[in-house]
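Assemble the whole structure, with the sequences as input and the hints as a guide.
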Amino acid sequence: MLKRMTTWWVFFRVSLEERMVYRGDFMIGVMMRFLPFATQVFMFWAIYDTLQNSAGTESRLTGEIGGYDFYNLIAYLLLVTVTRAFSSMPGLTGGIARSVREGEIKKYLIQPVDMIGLLLVQRIAHKLVYYVIAFLPFAFWFFLFRDCFTNGFPQLHVFGLYILSLVLSFLMGYFLEACMGLIAFWYLEVGSLTFIYMLFSFFLSGHMFPLDWLPSEPFNFQILVDILPFKFLAYFPAAVFLGKVSGAELYQGVAIELAWVLFFFALSRILWNRGVRRYSGFGG
Amino acid sequence: MSIIEITGLCKNYRVYQKKEGLWQSVRGLFRREYREVQAVRDVNLSVDAGEFVAFLGPNGAGKTTTLKLLSGVINPSSGSATVMGHVPWLRDNEYRRRFALVMGQKNQLWWDLPAQESFRLHQHIYGIDRVQFQRTQDELTELLDVKRLLNQPVRELSLGERMKMELTAALLHSPSVLFLDEPTIGLDVIAQHNIQQFLKFYQQERQITILLTSHYMKDILALCQRVVIIADGTIQYDGSLSGILDQFSTHKLVTLQLAEGESFAGLEQIAPVEKLQPPKVIFRVPRLDVPHVLSRTLNERQVVDVVVEDPPIEEIIAEVFSIASAKSADQAREAKTAGVGG
Numbered sequence: 166m167l168k169r170m171t172t173w174w175v176f177f178r179v180s181l182e183e184r185m186v187y188r189g190d191f192m193i194g195v196m197m198r199f200l201p202f203a204t205q206v207f208m209f210w211a212i213y214d215t216l217q218n219s220a221g222t223e224s225r226l227t228g229e230i231g232g233y234d235f236y237n238l239i240a241y242l243l244l245v246t247v248t249r250a251f252s253s254m255p256g257l258t259g260g261i262a263r264s265v266r267e268g269e270i271k272k273y274l275i276q277p278v279d280m281i282g283l284l285l286v287q288r289i290a291h292k293l294v295y296y297v298i299a300f301l302p303f304a305f306w307f308f309l310f311r312d313c314f315t316n317g318f319p320q321l322h323v324f325g326l327y328i329l330s331l332v333l334s335f336l337m338g339y340f341l342e343a344c345m346g347l348i349a350f351w352y353l354e355v356g357s358l359t360f361i362y363m364l365f366s367f368f369l370s371g372h373m374f375p376l377d378w379l380p381s382e383p384f385n386f387q388i389l390v391d392i393l394p395f396k397f398l399a400y401f402p403a404a405v406f407l408g409k410v411s412g413a414e415l416y417q418g419v420a421i422e423l424a425w426v427l428f429f430f431a432l433s434r435i436l437w438n439r440g441v442r443r444y445s446g447f448g449g
Numbered sequence: 363m364s365i366i367e368i369t370g371l372c373k374n375y376r377v378y379q380k381k382e383g384l385w386q387s388v389r390g391l392f393r394r395e396y397r398e399v400q401a402v403r404d405v406n407l408s409v410d411a412g413e414f415v416a417f418l419g420p421n422g423a424g425k426t427t428t429l430k431l432l433s434g435v436i437n438p439s440s441g442s443a444t445v446m447g448h449v450p451w452l453r454d455n456e457y458r459r460r461f462a463l464v465m466g467q468k469n470q471l472w473w474d475l476p477a478q479e480s481f482r483l484h485q486h487i488y489g490i491d492r493v494q495f496q497r498t499q500d501e502l503t504e505l506l507d508v509k510r511l512l513n514q515p516v517r518e519l520s521l522g523e524r525m526k527m528e529l530t531a532a533l534l535h536s537p538s539v540l541f542l543d544e545p546t547i548g549l550d551v552i553a554q555h556n557i558q559q560f561l562k563f564y565q566q567e568r569q570i571t572i573l574l575t576s577h578y579m580k581d582i583l584a585l586c587q588r589v590v591i592i593a594d595g596t597i598q599y600d601g602s603l604s605g606i607l608d609q610f611s612t613h614k615l616v617t618l619q620l621a622e623g624e625s626f627a628g629l630e631q632i633a634p635v636e637k638l639q640p641p642k643v644i645f646r647v648p649r650l651d652v653p654h655v656l657s658r659t660l661n662e663r664q665v666v667d668v669v670v671e672d673p674p675i676e677e678i679i680a681e682v683f684s685i686a687s688a689k690s691a692d693q694a695r696e697a698k699t700a701g702v703g704g
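Residue numbers (the working numbering), protein chains in the order written: chain A, 166 to 449; chain B, 363 to 704.
Just so you know, the hints here were simulated from the structure itself, not pulled from any lab data. Some clues are possibly wrong.
[To be verified] Quick list of in silico lysine to any residue cross-link-like pairs, SDA-like style, CA-CA up to 20 Å:
{"hint": "1", "chain 1": "B", "residue 1": "K468", "chain 2": "A", "residue 2": "F202"}
{"hint": "2", "chain 1": "B", "residue 1": "K381", "chain 2": "B", "residue 2": "R393"}
{"hint": "3", "chain 1": "A", "residue 1": "K272", "chain 2": "B", "residue 2": "S536"}
See the structure below:
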């Protein structure tokens with residue numbers, strides 16, 4: 166056990182070093198993450214503005230859509246950007262699929278290591294470097310929009326659960342995307358699967374707009390959102406921070422998120438074990 | 363005592379038969395035809411500890427598939443194998459700590475980092491004691507003359523240097539069994555030679571068991587006492603390199619240097635002429651006819667020099683390959699006609 170921990174520690178350090186090799190590319194990647202956020206701010210600004218004008222009230226931008234006024238919405242979108250920084254796993258699915266297709270995966274089969282564990286350690290290292298670099302731009306946006314958080318800072322225990330839900334959303338994102346990558350053992354190309362996943366997560370994770378906005382007629386989307394895991398990838402932690410979920414519902418939500426993490430963790434082990442048995446060692 | 367034991371090992375692949383053209387591709391979406399490819403067919407082999415065995419065979423003969431089976435990367439369709447008492451495809455860690463696989467066309471090192479970092483990682487993955495690790499690393503990098511490159515990112519190394527680093531990485535944990543899949547592919551003559559020398563020295567020093575596949579006869583001539591020829595997934599020959607000549611070489615090459623002024627006309631009546639480059643003539647003679655051809659030429663012409671030799675080993679092996687593939691084509695045809703008849 167101790168041995169495995171030190172191996173992971175060394176792997177963690179090596180991953181950190183590796184991440185810092187291509188500085189320029191990395192910095193641009195960090196900055197680009199805020200581009201969708203900025204776009205959304207301008208778009209919703211225009212929408213709320215129109216809403217205001219047609220209502221004919223004097224003070225600007227106080228109209229509500231589905232329980233969010235403009236300021237609530239900005240706070241929501243900013244928090245969703247934070248969740249996405251935890252739950253999104255750029256290149257994970259494709260990377261695993263490529264290493265299956267091109268045979269890089271062999272080294273994990275030959276060496277006494279566990280690929281899913283090592284890739285998790287690597288991902289943690291990459292994320293940490295990312296947070297360090299992204300801290301300043303995030304601080305800037307939060308400072309700029311500080312007035313949008315009209316409910317103030319959450320209570321300490323809520324904040325604790327918020328952090329927990331973020332960590333769980335990281336783990337869920339990791340194991341979910343790892344599972345998709347492992348499907349490459351059966352279907353070598355998983356590009357379209359990734360695309361479908363992205364499409365679903367766009368609408369059902371709350372990444373583009375608050376999930377409270379989804380209609381209940383003619384079909385109750387709320388049911389769909391609740392039975393699927395996607396909301397934990399963006400909406401849920403933000404909702405916790407904003408106090409949209411509270412009481413028993415809050416604890417229940419975190420418990421369900423944990424259950425999803427365990428589900429995808431178990432699924433990834435099963436896919437791995439079945440997959441390598443099926444694997445035919447492509448690429449020389 | 364045998365360290366590798368293979369009995370009746372088979373590996374079939376199911377490959378999708380894609381037909382040419384767009385329409386066929388569309389059809390392929392709904393109905394796929396698969397073909398069974400028998401990459402390895404009933405391979406039986408036993409290797410003793412400390413042997414250096416070469417796998418020879420044309421591309422797609424099943425050499426690499428056999429190595430993949432032995433290193434546990436893939437599971438067999440049937441048959442069994444043990445290496446040091448372990449079944450490779452169970453991939454238990456105890457086994458994985460005791461062997462290594464080096465593939466000439468794949469790298470295990472971190473591309474963007476110095477090899478030193480990858481080595482350090484290997485130290486922990488394989489649980490190598492620190493002092494031992496330092497000593498082994500020094501020894502290997504000195505032998506391979508890459509010590510000065512340890513701190514350079516791997517992507518900046520030449521192919522030969524990278525291969526040396528790959529070898530070092532694979533040997534850090536002092537494996538008892540080493541599988542080498544075309545370790546010298548794409549390397550220049552000097553780098554090839556260096557790696558051969560290294561492997562030879564290391565194997566003799568440590569008495570480890572090595573299975574090597576290579577297309578370069580020079581690798582095999584320099585290194586291996588035992589050669590296994592695989593073609594069409596089955597073993598065609600297993601024995602010493604010189605044994606191949608005895609078993610498969612039906613001809614000898616007889617080179618005669620004729621005295622000045624001797625006529626070259628009519629030589630082809632003595633024996634088939636392989637090559638004529640005055641003042642030399644090279645006959646290709648069935649082995650049993652060599653004395654007869656020699657005495658006849660010596661009688662009829664004035665000869666300055668005589669050399670009798672085996673044809674180049676590559677040529678003989680190529681012959682073995684083509685015999686094997688012709689045989690399997692025959693078998694396939696027979697099976698087909700039998701199928702039609704039945």
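Against which earlier hints does the structure fall short, listed by number upward?
-> 1
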